[in-house]
Amino acid sequence: MPVLPGIIRVMEKAARKAGGRLRRDFGEVEHLQVSRKGPADFVSKADTRAERALWDELKHARPDWGFVLEESGEIEGDPDKPRFIIDPLDGTSNFLHAIPHFAISIAVQEPKLGGGGWGEVTSGIVYNPITDETFWAEKSNGAWLHDGRLRVSNRKRLDEALIATGIPFAGAGDPAEWSAIYNRLAPEIAGIRRFGAASLDLAWLAAGRFDAFWETGLKPWDTAAGCLLVREAGGFVSDYRGRSLPICDQEVLAGNDTLHSKVHKLVVDARRKLASSAG
Numbered sequence: 000m001p002v003l004p005g006i007i008r009v010m011e012k013a014a015r016k017a018g019g020r021l022r023r024d025f026g027e028v029e030h031l032q033v034s035r036k037g038p039a040d041f042v043s044k045a046d047t048r049a050e051r052a053l054w055d056e057l058k059h060a061r062p063d064w065g066f067v068l069e070e071s072g073e074i075e076g077d078p079d080k081p082r083f084i085i086d087p088l089d090g091t092s093n094f095l096h097a098i099p100h101f102a103i104s105i106a107v108q109e110p111k112l113g114g115g116g117w118g119e120v121t122s123g124i125v126y127n128p129i130t131d132e133t134f135w136a137e138k139s140n141g142a143w144l145h146d147g148r149l150r151v152s153n154r155k156r157l158d159e160a161l162i163a164t165g166i167p168f169a170g171a172g173d174p175a176e177w178s179a180i181y182n183r184l185a186p187e188i189a190g191i192r193r194f195g196a197a198s199l200d201l202a203w204l205a206a207g208r209f210d211a212f213w214e215t216g217l218k219p220w221d222t223a224a225g226c227l228l229v230r231e232a233g234g235f236v237s238d239y240r241g242r243s244l245p246i247c248d249q250e251v252l253a254g255n256d257t258l259h260s261k262v263h264k265l266v267v268d269a270r271r272k273l274a275s276s277a278g
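In terms of numbering that gives the first Met the number 0, the sequence shown opens at residue 0 and continues consecutively.
Derived by calculation from the structure, the hints in this document are not laboratory data. These figures come from a predicted structure and were not determined experimentally. Be aware that one or more of the hints could be misleading.
Below 20 Å or equal to it, Euclidean Cα-Cα: the simulated SDA-like pairs (lysine to any residue) are [to be verified]:
1. Lys-264 with Glu-159
2. Lys-155 with Gly-233
3. Lys-44 with Gly-19
4. Lys-218 with Leu-157
5. Lys-218 with Lys-155
6. Lys-138 with Thr-121
7. Lys-80 with Phe-66
8. Lys-44 with Ser-92
Ranges between beta-carbon positions, derived for each pair [stated by the list, open to error]:
9. Ser-178 with Arg-150: 28 to 38 Å
10. Val-2 with Ser-43: 32 to 42 Å
11. Ser-243 with Arg-148: 19 to 29 Å
Note that CB positions come from ideal geometry on N, CA and C, so glycine has one too.
Turn these sequences into a full structure, and let the hints steer you where they fit.
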């Protein structure tokens, strides 16, 4: 059994506090009239309440640290100290439609040595309040589900791979590019899933439930903890050009070493053909 690092204990305590609020609110949203005003407004308030609970708990534990919050934006702390990157409710549309698949994501990002911006993500958790699963990772200390070590899958063949993605919606993302990638991948692989919560997609990839993942147009709070989970579980995360950034969000491609390479080649090929046809 691993010794739970202090910062992970702090983040898990905050996530469980906020998660309890989300579970109670989720029980209420199931009974709301399905109309644009009612449920959407309710979910917005649930999101805000969860973020406030996380802020209160984490600020108390680390008063000098900064924050990047989905709802409240960036709050500066001591520039020589780390900062938290937080999504209080990843999977808002699932929550709105009473689908029990959403998560709280919290990551810790370190300042670059010598100043001048932000560097590596060193700790992260993804907590599902409905299943009570806490996926956590610490740099050089592995990825874990509670006290069980996580490893990405060892599948090597595309025709055995189950791949997760996010589909562009309501003006977000690039439907033409997504379709080109989908059409290139689909004939080669065992299946594609879209569950609507990127942080959980990456956590599930780290746990070997998915074999690869691709998506564009995400935000740092969607992927910061998930990227670390995959890497500490032995996987690879990059953008579509193959760059392994501290946080991949605008372009995310993840998998084990073999499948990452194979999917990357197909993604590059799909984008090249799309660009050629457009030109």
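(request) Determine which of the earlier numbered hints do not hold for this structure and return their numbers in increasing order. (result) 4 and 5
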